Amino acid sequence: MPDTVSIDWYVALSIILFTIGAMGVLLRRNAIVVFMSVEMMLNSANLAFVAFSRYLGDLDGQVLTFFVITVAAAEVAVGLALIVTIFRTKQSINIDDINTMKG
Amino acid sequence: MEGAFGFAPLLLVFPAVGVLFNTFAGRRLVQADRKTGEMYSGWFASLMAFSAFLVAVVLLFSLRGHDFHAEVVTLFDWFNVPSANFHIPWAIQVDTLSVTMMLVVTGVGTLIHIYAIGYMHGDPGFHRFFAYLNLFLFFMLILVSGSTYLMLFVGWEGVGLCSYLLIGFWFDRQNEEGKAMNADAGRKAFVVNRVGDFAMVLAMILLFWTFKSLDFGTIFSGAVELFEAGHGVELFGMEMSVGAVLTAVTFLFLLGAAGKSAQIPFYVWLPDAMAGPTPVSALIHAATMVTAGVYLMVRSNVLLEIARESTRLGVEGANVLGLASPDWIALTGAATAVLAGLIAFTQFDIKKVLAYSTVSQLGFMVAAAGMGAYVAAMFHLITHAFFKALLFLSSGSVIHGMEHGHHHLHEHSHGHDAHHEEEKFDPQDMRTMGGLRSKMPTTFAVYMVGSLALAGIFPLAGFWSKDEILAHASANHGTVFTVVYWMLTIAAFCTAFYMGRQIKMVFFGAPRHEAAKHASESPPLMTTPLIVLAALAVLGGLLNFPFFGESAFETAEETHNFGIFLGLEHWLEHSIPTFELTTEGIVQMPHTPTWLQLSVAGISTVLALAALGASIFVVYRNRPQTADERDPLQSTPIWWFAILPFEWFYMHTVVPAFKGSARWLAEVLDGAFWHDFVHNNVVRDLFVGFAKFSATVLDANGVDGLVNGSGRFVRYVGSVVRKTQTGYARNYALGVFLGTVLLLAYFIFAN
Amino acid sequence: MGNPIVFFILALIAIASALGMLASRNAIYSALFLVLNFVTIAVLYLVLNAPFMAVVQVTVYAGAIMVLFLFVIMLLGAERSGSRTEGLRDWEWILAGFLGAVLIIVFLTNLVMNPSAVGDTAPFIDTSPAALGLRLFEAYVFPFELTGVLLLAAMIGVVVLGRRKKMAQLEKGGNDA
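Residue numbers (this note's numbering), protein chains in the order written: chain S, 1 to 103; chain P, 1 to 751; chain L, 1 to 177.
The shape of chain S in the complex, shown without the other chains (with noise of 0.2 Å):
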């Protein structure tokens, strides 16, 4: 075993925790879940970041990372209002009742 692990390992890491995320998001109906999903999408793409700021030697990883962490803030700042005001008119947070764009 080497004394050291290689970058490929952490994108692999990455890697699976996103497609969690993405199941979450796909087969969960509770929308907070399905947020919560959104979040760990959100953190892997964070790990491959920091992990690739560290393999380069390179701050601007580190930034950009501050930045989603941000942004991220933001959006479940505002998505959360969102669930409450359709829980509010629809009583429920099942992403399935909220169908008016159904063609």
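Honestly, the hints are just simulated from the structure, not real lab data. As the structure is a computational prediction, the values presented were derived from the model and not from experiment. Errors might be hidden in some of the hints.
Below 20 Å or equal to it, Euclidean Cα-Cα: the simulated EDC-like pairs (lysine to aspartate or glutamate) are [claimed, not checked]:
id, chain 1, residue 1, chain 2, residue 2
1, P, K723, S, D96
2, P, K35, P, E176
3, P, K723, L, E92
4, P, K723, S, D97
5, P, K352, P, D184
6, P, K659, P, D197
7, P, K517, P, D429
8, P, K352, P, D628
9, P, K517, P, E403
10, S, K102, L, E92
11, P, K723, L, D90
12, P, K517, P, E629
Partner residues are not named here, just some residues of chain L that face chain S (Cβ under 10 Å, in silico) [unchecked claim]:
id, residue
13, F8
14, M21
15, A50
16, V60
17, L95
18, G97
19, P123
20, F124
21, F144
22, L150
23, A154
24, M155
25, V160
26, L161
27, G162
Every residue gets a Cβ at the ideal spot worked out from N, C-alpha and C, and that includes glycine.
Got chain S; can you put chains P and L on it based on the hints?
What follows is chains P and L alone, placed relative to chain S:
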């Protein structure tokens, strides 16, 4: 191109715009809001007429600045078949003659447009009326401005169409017998004109064969050249002299003009044409369209003079029953003038009197043109346009007033005898009028001006122009001229007499009907054009003011250079080149007196005054007192003469003959050439077969299949694709995810 | 880039907590699993020589954001909104699972086929908050300002969306009409 001749096409554009406006926007405007709609519709049409008038004025000044030389503005090529040397441009000829006609047509036309806004108020076909009026102006301007006989003919037929449309304007009105007499009158006018138009076509064909052109300039110069050289032309496989051809052509022109300008034997349509609205009678059937025949004669003056000269020189074939065709023209005009003047005695309809008067005055013009007094013909045409338009419009005002009085009567009648009031009332019947002088003062004043001008009382316009024709007739020697002179003098007497009768019956005496008692003056919109026309009728004589006595002749020569007096004479000189022919010595023009002939003027004035006096103070002094009283003339031979069945005669001779020849052409001649057979069995059946094939096979399966199929295809695709739009966010997310995976896979494996 | 044993333990915890979030019926459990996941990743940040990001990850994500999530779940009482997958059609299951599998397999295969050299790592760099701050305000001033505007907009949006009074008025007006 010098001057503003480039504006000439606008002359036709403005009325065309008016037609389009009233065709497409007029109906909506009028239906949306009656009052403002009528305002827009009527005033727009009037504005277009006035704009055309302004263009004509611009052209007038352009000619002035161009030393009066004619200018031809070519718009586009109409026909051009180089192999057959057949080339007809669509061109506007701007010369003094056409500009004169343009000014009369658009000037009088504008006034009548404005008058019609008041007269047609409330009519359901208001916008249609103005569309027709503008259409008429359009065609009339084509007629007078065309530079070829074919273009003239286009206008000629176009105004005929407008005449038909406007005579039958109230085509749905029926008389007591349930006959649509207005529509019938329109049809009659159209059918009667067919005969004359057929003659026109024949004349044009002859001209084209002879000169290989229909252009005015080419034909005239070609005719002079051929005549000078004494060459003949090849026609029908034999050599014919120019004189003979032109005699035939001008005689055919006489027939054509007789149709359009209501001469014997075709005059029968004009009195019936009075069924149209009064502004139409004034514009089309008095001032402009009916003078087209006179314009044709004046325009073709070269041909007429060559025909006359050929007869004088005794060229073989250059006469019709021993007389030159211009002589026939003069005699026809004079005979018409007398006949129509006599018939006018017997009419009770206010407009029919004026209609026969118009026929009579047109006879004067045609006679003048036939005698070679082209300027006099044009002069009388212009002054006649002024005072006859004035008279018609005034009679319209009278009718309007009578109808108003009748309505007034109805409103005040009580319910129980409303049925009784339904008795027949004709607002145009002079027997029901009388005493309108005090009820309608403005109308009375202008009517008097118009009547006196028509009767030829000094110093109104009609005196000068009529006198010029009479002077011309008396100043030339020859049996024809003498006969024409006396006939026209009699006609002038008749004119004054029936006008006196009309004034007496309409305006003087006591009212003979309740409606006449309650008649009222027309609105200012109608009376203002009347006053303008009255001023023109008074001052029109100044256009061609003759000199008194022989001694003034030298002065005339002098002033010629300044172009002040005898304005029309010198103005038209530039378009009537017979004067030039005279100096070359090949054609002798009839002597044209440029000064007043005191004897002629004296005789005609005395006769006119005598006739007026006789009618007002002798024959109709106290009568008629009631509407049912017999006319005092009814027991005299004049009456019997006037109601001779000319019309019956016409309808049972000329019309069947024309019909018969047409049928013969259609059946016998056509059958002989297997023309119909080819048409029916080859052309038609092939065409029908192909049409059926394309309708049932090509169209139903091919075109319809394509069109419907594409629609069905789109619908099917839509119904399938629609299912993908579930509205579930996760399905969309799945789509996005699918795309992401595919993209990533691509990037990874692409390397 | 870290001791393999430490990495594998952390990676296992991260994957397990992620699957736990995915599979939990109760939204509160999901949220707690997610917190665990975030903390694990924060530790990985430390291993990767990013101490500041690790701290931010814990305070902002695991702290603020997840607290907000939990707060909303409890506010709405929506922790048990239905089963995990009810209403899902078969094809959705299959397609999603297939795509996920494809994604993982494709990437992993790629990684196995083209491995990076183990020792191919850049030397340590200064990742102190001061260095990060300098980089942020030197090279990324404009995006930083934009982010500030974005946060402001989000804040206003949340305030507008969250106004219950207005909604009540609208509903009332709707009833009247």
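Consistency of the hints with the structure:
A C-alpha spacing of about 16 Å is found between K723(P) and D96(S), which places the hinted pair at or below 20 Å, so the restraint holds. At most 20 Å may separate the alpha-carbon atoms for a hinted pair to count; K35(P) and E176(P) exceed this at roughly 32 Å. For the suggested pair K723(P) and E92(L), the alpha carbons sit about 15 Å apart, so the restraint of at most 20 Å is met. Taking the CA atoms of K723(P) and D97(S), the gap is near 18 Å; set against the 20 Å cutoff, the hint holds.
A hinted pair counts as satisfied when its Cα atoms are at most 20 Å apart, and K352(P) with D184(P) qualifies at roughly 16 Å. Pair hint K659(P) plus D197(P) holds up; C-alpha atoms about 14 Å apart against a cutoff of 20 Å. Under the criterion of a C-alpha separation no larger than 20 Å, the hint pairing K517(P) with D429(P) is consistent with the structure, at around 15 Å. In summary, the hint linking K352(P) to D628(P) is supported, as the alpha carbons are separated by about 19 Å, within the 20 Å threshold.
Taken as a hint, the K517(P) and E403(P) pair is honoured in the structure, with Cα atoms around 11 Å apart against an allowance of 20 Å. A hinted pair counts as satisfied when its Cα atoms are at most 20 Å apart, and K102(S) with E92(L) qualifies at roughly 17 Å. For the given pair, K723(P) sits about 17 Å from D90(L) by alpha-carbon distance, which is consistent with the 20 Å threshold. Only pairs whose Cα atoms come within 20 Å are accepted, and K517(P) paired with E629(P) is accepted, the gap being roughly 18 Å.
At a threshold of 10 Å, the smallest CB-CB gap from F8(L) to chain S is about 8 Å, leaving the interface hint in force. Given hint, M21(L) at the interface with chain S, holds; its Cβ is 6 Å from that chain's nearest Cβ, closer than 10 Å. A least Cβ separation of about 5 Å between A50(L) and chain S falls short of the 10 Å threshold, and the interface hint therefore holds. Taken as an interface hint, V60(L) checks out: its beta carbon lies about 5 Å from the nearest beta carbon of chain S, inside 10 Å.
Here the hint on L95(L) is kept, as its CB sits about 9 Å from the closest CB of chain S, short of 10 Å. Given hint, G97(L) at the interface with chain S, holds; its Cβ is 7 Å from that chain's nearest Cβ, closer than 10 Å. The criterion of a C-beta within 10 Å of any C-beta in chain S is met by P123(L), whose closest approach is roughly 6 Å, and the hint holds. Proximity of F124(L) to chain S holds as hinted, the smallest CB-CB distance being about 8 Å (cut-off 10 Å).
A least Cβ separation of about 8 Å between F144(L) and chain S falls short of the 10 Å threshold, and the interface hint therefore holds. Proximity of L150(L) to chain S holds as hinted, the smallest CB-CB distance being about 6 Å (cut-off 10 Å). Against a cut-off of 10 Å between C-beta atoms, the interface hint on A154(L) holds, since the closest Cβ of chain S lies about 4 Å away. A hinted interface residue such as M155(L) counts as satisfied when its beta carbon comes closer than 10 Å to some beta carbon of chain S; here the least separation is about 7 Å, so the hint holds.
Hint status for V160(L) relative to chain S: holds, with the closest Cβ pair at about 8 Å, below 10 Å. Among the interface hints, the one on L161(L) holds; its C-beta lies about 4 Å from the nearest C-beta in chain S, closer than the 10 Å criterion. The restraint placing G162(L) at the interface with chain S holds, with a minimum CB-CB distance near 5 Å, inside the 10 Å limit.
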